[in-house]
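The sequence shown begins at 1391 in my numbering and counts up one residue at a time.
Hints listed in this document are in silico derivations from the structure and should not be mistaken for laboratory results.
Beta carbons are placed, not taken as given, at the ideal position from N, Cα and C, and that holds for glycine.
Keep in mind that a hint or two might mislead.
Unchecked claim - Label-pair restraints from in silico Cβ distances:
{"#": "1", "residue 1": "Lys1615", "residue 2": "Glu1453", "range": "40 to 48 Å"}
{"#": "2", "residue 1": "Gly1569", "residue 2": "Pro1530", "range": "33 to 41 Å"}
{"#": "3", "residue 1": "Ala1535", "residue 2": "His1455", "range": "29 to 37 Å"}
{"#": "4", "residue 1": "Ile1431", "residue 2": "Glu1598", "range": "37 to 45 Å"}
{"#": "5", "residue 1": "Phe1466", "residue 2": "Asp1536", "range": "19 to 27 Å"}
{"#": "6", "residue 1": "Asp1456", "residue 2": "Lys1477", "range": "15 to 23 Å"}
{"#": "7", "residue 1": "Asp1567", "residue 2": "Lys1477", "range": "35 to 43 Å"}
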Amino acid sequence: MKKILICAPFNEVTNYVAAVNKTGMEPVACTALPTENGLDINDFAGLILPGGSDLDPAFYGQENHDCRNIRRWLDFAQLNALDAFVKCQKPVLGICKGAQVINVYFGGTLIQDLPDHNHHQAFYINHERKDAHHPARILPGTPLADIFGNDEIIINSAHHQAVDLVAEGLKVCAYSDDGVVEGLCHQNLPVLALQWHPERMAYDHYVEGWSDGSLIFHHFKEQLK
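Given these sequences and hints, build the entire structure.
Below, the structure written as structure tokens:
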């Protein structure tokens, strides 16, 4: 069974771990670099960069205007893990913050706070967290078009930041009606970045009418060597 590194604290990635397990891969959640604490990048077939707190804007050359809950130690761990997997040309899946980390790593920038993020934010009913759901348009000839087989999907959102300047080497795969980038892929490397959360739309979390998030994890598994 292929091992997948999920670069985040274990207690923050329950849904990711479940999705990876159900897709027939072995998740290892850890914030250590691949060469530390007995970990060897050669033991891992791929990397998942999950959602989480905002990336320090210093990494994309800006002062902090609207970033929240920054954890530089985690930013460094995720950027270093990404660097190691990119250099080995191993598959990478970035989700929410993970997508933003990928864009910044390759030289892009972020919108620190979306000016109108009503349908990009999670909301609360009776103290229970619910994702906002909305359509997104898929661009033809991209991995997302191959995965879903159509040009519109229904996705979820729980973010207040988004990709601004798209990094060189990356191309947009999907966007929402208000122009927010919802998906990116690398032109030459097995790197896919999603602004939404497929792990919360897959398997036990799937609801009829949504686009099936498990398709993302199956696509990721197919990229592994």
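Numbers of the earlier hints that this structure fails to satisfy, in rising order: 2, 5, 6
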